[in-house]
Amino acid sequence: MENELTCNQVIALMSFYAEDKLNSRLKAYVDDHLRKCPKCREIYMQSKKIVNHILSLTDYNDDTNQYYTKQYENFKNNLSAYIDNELNENESIRIKKIAITNPLARKDLEDMYTFKKLLHNSFEKTRTEWKNDYSKLIINRLNKLPEKKHLDPFYKLIGAFTALISIILFGFLATLYF
142 MENELTCNQV
152 IALMSFYAED
162 KLNSRLKAYV
172 DDHLRKCPKC
182 REIYMQSKKI
192 VNHILSLTDY
202 NDDTNQYYTK
212 QYENFKNNLS
222 AYIDNELNEN
232 ESIRIKKIAI
242 TNPLARKDLE
252 DMYTFKKLLH
262 NSFEKTRTEW
272 KNDYSKLIIN
282 RLNKLPEKKH
292 LDPFYKLIGA
302 FTALISIILF
312 GFLATLYF
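Taking our numbering, I'd label the letters of the sequence shown as residues 142 to 319.
One or more of the hints may lead you astray.
Restraint-style ranges between C-beta atoms, simulated for each label pair [said to hold, decoys possible]:
id : residue 1 : residue 2 : range
1  : K168      : L292      : 48 to 54 Å
2  : I234      : K257      : 19 to 25 Å
3  : E160      : E251      : 43 to 49 Å
4  : K285      : R247      : 53 to 59 Å
5  : E232      : L259      : 24 to 30 Å
6  : N149      : I224      : 22 to 28 Å
7  : Y296      : K168      : 51 to 57 Å
8  : N284      : L260      : 33 to 39 Å
9  : I241      : M186      : 26 to 32 Å
10 : K168      : K248      : 28 to 34 Å
11 : K180      : N231      : 38 to 44 Å
Hints are computed from structural coordinates only; laboratory data are not their basis. All values reported here derive from a predicted model rather than from experimental measurement. No residue lacks a Cβ here, since even glycine has one placed at the ideal position from N, Cα and C.
All chains, please: the whole structure from these sequences, using the hints.
Right, dumping it as structure tokens:
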């Protein structure tokens, strides 16, 4: 393919790719990159595994499972807020207690932290690999372009007037001598 994606671009598109929200052309570029790049393929496989597990959490909702309780349901509803430190102290303690006593909750919490770490590592890798601030690079390139010399409109008008007079004189002289 003529337009190959970089690792940074693929990582940025990874969530859209996993959710099948890319157009067919961009999806083909990501597919091609994942076939060629073992690092990105590994990140994709880990991400997909964790996301599939998170999406499958609703499969635990059968009444025969002793760990699927109202507390666990509350835990699932507040897990993202807990990971992002958005809960107050009492709610955080409640989430910790559920995670300690409920194996399903503990597994979910471990998976979320693994997923968060994976995303953080991908972001750090991308950030450290960017050696240039692209906006500064573009501005520097624009500043290095030679400036186009713009003629003052007055000189343009004088030039057009001179050309017009020359044409008229040439026409007049041509009619006199021919």
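Checked hints:
no.	hint	verdict
1	K168 - L292: 48 to 54 Å	holds (51 Å)
2	I234 - K257: 19 to 25 Å	holds (20 Å)
3	E160 - E251: 43 to 49 Å	violated (23 Å)
4	K285 - R247: 53 to 59 Å	holds (57 Å)
5	E232 - L259: 24 to 30 Å	holds (26 Å)
6	N149 - I224: 22 to 28 Å	holds (25 Å)
7	Y296 - K168: 51 to 57 Å	holds (55 Å)
8	N284 - L260: 33 to 39 Å	holds (36 Å)
9	I241 - M186: 26 to 32 Å	holds (30 Å)
10	K168 - K248: 28 to 34 Å	holds (31 Å)
11	K180 - N231: 38 to 44 Å	holds (42 Å)
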